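Participant: With the sequences and hints as input, model every part of the structure.
The chain contents come next:
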Amino acid sequence: MISNSFLINLLRFTLLVLVQVLIFNRLNLFGYINPFIYVLFIYWYPVKKNRTTFLIVSFLLGFFIDVFSDTLAINAAATATIAYFRPVIMRFVFGVNYEFQSFKLNSITKAQQFTFLALLIVIHHVTYFTLEIFSFANSLLILQKTLMTGLASLVLCLLFISLFSTKKE
Amino acid sequence: MQQIINFLIRYKTFLLYIFLLLIAFVFTFQSHSYQQSKLLNSANYVSGSFYELSTNTTSYFKLREENKSLLKENETLRHQLYNKETTVISKIDTSLSYTVVTGQVVKNSFSNQRNYITINKGKTDNIAQDMGVITDKGILGIVENTSNAFASVQSILNDKSRINAKIKNSNHYGSLVWDTKSYTKVQLIDIPRLAPLGIGDTILTGASSSIFPENIPIGTISKFDLDSSKSFYFIDVALFNDMTNIKNVYIIQSLNRKEIIELELETQADD
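Protein chains in written order, with the numbering used here: chain V, 19 to 187; chain R, 744 to 1014.
For the record, the hints were derived by calculation from the structure and aren't laboratory data.
This one's a predicted model, so the numbers in the text were calculated from it and none came from an experiment.
Hints may contain errors.
[Unchecked claim] Cβ-Cβ distance ranges computed for the label pairs, FRET-style:
| hint | chain 1 | residue 1 | chain 2 | residue 2 | range |
| --- | --- | --- | --- | --- | --- |
| 1 | R | T945 | V | L158 | 33 to 41 angstroms |
| 2 | V | T71 | R | F772 | 25 to 33 angstroms |
| 3 | R | K866 | V | T127 | 53 to 61 angstroms |
| 4 | R | N869 | V | T71 | 40 to 48 angstroms |
| 5 | R | F750 | V | L169 | 35 to 43 angstroms |
The C-beta atom is built at its ideal place from N, Cα and C for all residues, glycine as well.
Facilitator: Below you can see the structure in the form of structure tokens.
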């Protein structure tokens, strides 16, 4: 039986790819900043699901973005990396209680939400720009791009999260 | 044996991660050295159609501007035509060396290290790898991959790009490369020190390129300096094209290219 959560994730996957490729890859803020909002998929993905599936799905997400934006397989590598490190980050941010049944993403505090997202984005962007530029001589350029694009991604992702949040006020 | 299996089960997520990373690396680095991988480019059917759909929608709002720029180009061409001293009544020309096909950009990019542009002409329009792509203002790039209806073009804003170029009114030529810093500037290297040049000089494509015809405009010199060996110039070239705003392009097929390459290979083999 196809579950509700599967459909939601499939829809989210498709929409995020399209929004990323058709809108945010063309943004070119200040000439070179293109925020990556598809990181939200990793943020929103259910906690309890099988890790193997999660890794493969994340890899595919990055791969689709790559095919659309001619970036070889850089997005795929970066997305697989944050998908792999997500449990570690979650344990760091939420403590051990995220493993309990009652844990829900929309019950966390604003500060936790921010730290979790920021860590995901930082790891993603560092991997991405290191692979894209691929030389340590340019580590300053890597840092600069990570910082600028990371900030833009962070702000946009936070906006998206509050826009689609299901929390009742 | 039991232990090996236990180990595999225990670290299966990690091993899967390493495996996926390895796949990504193979795709990435295989194409660093040679052609971009056949699968991973936006000239495939699915992404090409998506981009075409989105361009069709957005391009409607720019029609007026496009019209103006096409009229302007026509004006220039007519000006040249009427001012030719003898009107060329071409004989039945059997020695055509270039054919031109028009196309439109469906996806442009200029903020990465390696930028590719996707255009809406492909194999069915006889587009093949290594054809030159230009606009009315200057050069744009070289066709890298084709599918039936689309082609991806390696932009001059790509750190793998190397195009033969020269300074107008001189035959000193060098290579056009990109330092990935700004999308309005590319760099011309390997021009010998004794070449006369000044700021504002025009840079054109050179004669030893078998892809582009000679004398297609590229840009003007905005800054020049000697490189570390002190015997060659390192020149910043401000592009004529606004790389962020490109719509109509011309794809140029050189009919002599095959012959030139065969001849060059033969000569090298003789050495």
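Participant: Find the hints from earlier in the document that the structure breaks and name them by number, from lowest to highest.
Facilitator: none
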